[in-house]
Structure formats: structure tokens, C-alpha cells
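Engineer: Sequence:
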Amino acid sequence: MTAVPRWARLAGAVVLTLVLLAAAVWLHGRLRMPLQRQAPLAVRGTVNDQLQTRNLRFTVTRARLVKPLTLKTPRATSRLETPGVFVLVEVNAMALSEPTSLAAIVLTTADGHRYQPSDRLRDATSARLDPLLTTRTRYLFEIPAGSQAGARLSTSAGQGALLRAGVDVDLELGAADRPRPVTVRSPR
Numbered sequence: 522m523t524a525v526p527r528w529a530r531l532a533g534a535v536v537l538t539l540v541l542l543a544a545a546v547w548l549h550g551r552l553r554m555p556l557q558r559q560a561p562l563a564v565r566g567t568v569n570d571q572l573q574t575r576n577l578r579f580t581v582t583r584a585r586l587v588k589p590l591t592l593k594t595p596r597a598t599s600r601l602e603t604p605g606v607f608v609l610v611e612v613n614a615m616a617l618s619e620p621t622s623l624a625a626i627v628l629t630t631a632d633g634h635r636y637q638p639s640d641r642l643r644d645a646t647s648a649r650l651d652p653l654l655t656t657r658t659r660y661l662f663e664i665p666a667g668s669q670a671g672a673r674l675s676t677s678a679g680q681g682a683l684l685r686a687g688v689d690v691d692l693e694l695g696a697a698d699r700p701r702p703v704t705v706r707s708p709r
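Using my numbering, the first residue of the sequence shown is number 522, and each one after it goes up by one.
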């Protein structure tokens, strides 16, 4: 019987360790916690409700009608105007188990019109959300005056998935609500 060289035993141990590590990572990716397996595709709520999907915890902390919006940055102060009104939505978002990003943030009015966030306020982040770290951000929408009643904010986590779990938040804006001047500080 010949002895196995030491380098062969070491190489075998390294290969076995790598195989076991790869199997553990693959298995972890396939096993989901009960909430992640059974969560609904759309979770509905209102302002200050903490909504949770398979991989996203999302809260709209404030929604308000704004006109005009004064934007203060370290370099300048600018006044943003619109022929309609601004809807300023402040949110907290957190990935639960794996990094993700918010996809397709949309404000939908009661008459079915859909609005994308304005690029006039650059706080809104499309950066990824890291697990268990809360990201606070603001979204600014420009909508026609008087169309705010019944407005809802919708989004989902992730990119490219056919069936993504999402949130749908009633912004609790009424027809009688009037826009107010607001000043927003921005780091950029």
C-alpha cells in the first residue's frame, strides 16, 4: 500500500471544502423563510403603515401637497414651480434578506393617471437597499392641481422578476387639501 502524498491530501481537503461551501450557498438561496414563501404579491396600506413583502419593508412616513418647493443645497437655493402641484412623499425602505432596489415607483391618481418621480429633486435613490439597513428618501411628483384625491404610491423590490412582491400605499390626500410652501434641504 502506497502512502498518499501530503499535497494530494491537502488538495483533496481544499476541493471538498469548496464543494461543501458551494452546496451550503446554493441551499441557502433555495430555502426561504415562511414569510418569504407565502407573502402576497401586493401589500396595501396607508401613510405610516409598515408594509412588508418577501424582501422589502416599506413605510411612507409623510405625503404632502407642495407649491412652491424651495430646494436648499450647500451651494444654492432654488425655487421650484409647476403649473399643477407637487406631491412630496417621504419613505423608509429596507431590504430584509438580500440586497435589492426599488423598481418602478409610480404615483397613481384616482382617475387612473400614472406619474413617475420628478428628476427635479435628486434625493430619490435608485441605489440598492442593503439588508437590515433603513434607507430614507423622498420622491417628488408633479401632478395637475385638484387630482390628488385618492392618490396611491406603488413600488416593488427587485429588477427583472416576472412576479415581484410590491406595496401599494394610499397617500391619504383629499380633494380639499391645499398645497403649502415647503423648504427641503438636500445634500446635493
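The set of hints was computed from the structure by calculation and includes no laboratory data.
All values reported here derive from a predicted model rather than from experimental measurement.
Don't take each hint at face value.
Claimed, not checked - Pairs of lysine to any residue, SDA-like flavour, derived with a Cα cap of 20 Å:
id, residue 1, residue 2
1, Lys588, Trp528
2, Lys588, Ala696
3, Lys593, Arg659
4, Lys588, Ala686
5, Lys588, Ser639
6, Lys588, Thr676
7, Lys593, Gly671
8, Lys588, Pro604
9, Lys588, Gly695
10, Lys588, Gly566
11, Lys593, Thr603
12, Lys588, Gly533
13, Lys588, Leu642
14, Lys588, Arg530
15, Lys593, Ser668
Engineer: Please write out, lowest number first, the hints stated earlier that are contradicted by the structure.
Structural biologist: Hints 1, 4, 6, 7, 10, 12, 14 and 15 not satisfied by this model.
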